[in-house]
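Q: Sequence:
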Amino acid sequence: MQSPYVGILVNNKLHRRIPLGKTKYEAIEFYVEAGKKYGFTPCFFRIEDYRPGRLMSAYVMESGAFTKKDVPAPNVIHNRAIYSSLSQNRKLRSCPLQASRFSTAGTDTASFVFNSC
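Each residue of the sequence shown is one higher than the last, beginning at 1 in our numbering.
In case anyone wonders, no lab produced these hints; they're calculated from the structure.
Hints are supplied without guarantee of correctness; some may be wrong.
[Stated by the list, open to error] Computed spacing ranges between beta-carbons, pair by pair:
1) I82 to E29: 25 to 31 Å
2) R54 to A27: 25 to 31 Å
3) L86 to L55: 17 to 23 Å
4) G39 to K13: 26 to 32 Å
[Stated by the list, open to error] Lysine-lysine pairs mimicking DSS-like chemistry, simulated, CA-CA at most 25 Å apart:
5) K13 to K68
6) K37 to K69
7) K22 to K69
8) K24 to K68
9) K36 to K68
Beta carbons: idealized from backbone N, C-alpha and C, even for Gly.
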């Protein structure tokens with residue numbers, strides 16, 4: 001049985017570096033380690049990948065390497081996206097992910113975003 005996914009929202013630059021293993025300041029292997037310890041699978045995605053109530057594209061650790069795959073939208077999301085430009089920050093603030101809790105229209109599912117500010 002697949003363990004539940006916990007989403008890690010990252011910016012575009014970090015997202016591109018995940019499959020290369022060159023994430024610099026972000027120690028994403030700690031998320032994988034925590035997932036093993038606490039029974040969840042971290043999935044790393046960008047704000048434009050998020051699809052409430054549907055499958056979305058994310059990087060997931062499989063067989064020792066990060067693989068891009070379609071996963072269900074996670075119910076728990078940790079925001080690690082840091083945007084330096086004013087236009088990127090506006091885009092992030094206008095996204096429904098910035099609510100501390102948001103629900104998917106027409107369903108009973110809800111996602112909780114941590115570190116949303």
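Q: Look at each hint and say if it fits the structure.
A: Structure-based check of each hint:
{"no.": "1", "hint": "I82 to E29: 25 to 31 Å", "verdict": "violated (19 Å)"}
{"no.": "2", "hint": "R54 to A27: 25 to 31 Å", "verdict": "holds (30 Å)"}
{"no.": "3", "hint": "L86 to L55: 17 to 23 Å", "verdict": "violated (32 Å)"}
{"no.": "4", "hint": "G39 to K13: 26 to 32 Å", "verdict": "holds (30 Å)"}
{"no.": "5", "hint": "K13 to K68", "verdict": "holds (16 Å)"}
{"no.": "6", "hint": "K37 to K69", "verdict": "holds (22 Å)"}
{"no.": "7", "hint": "K22 to K69", "verdict": "holds (19 Å)"}
{"no.": "8", "hint": "K24 to K68", "verdict": "holds (20 Å)"}
{"no.": "9", "hint": "K36 to K68", "verdict": "holds (19 Å)"}
Consistency with the previously given hints fails for numbers 1, 3, ordered from lowest to highest.
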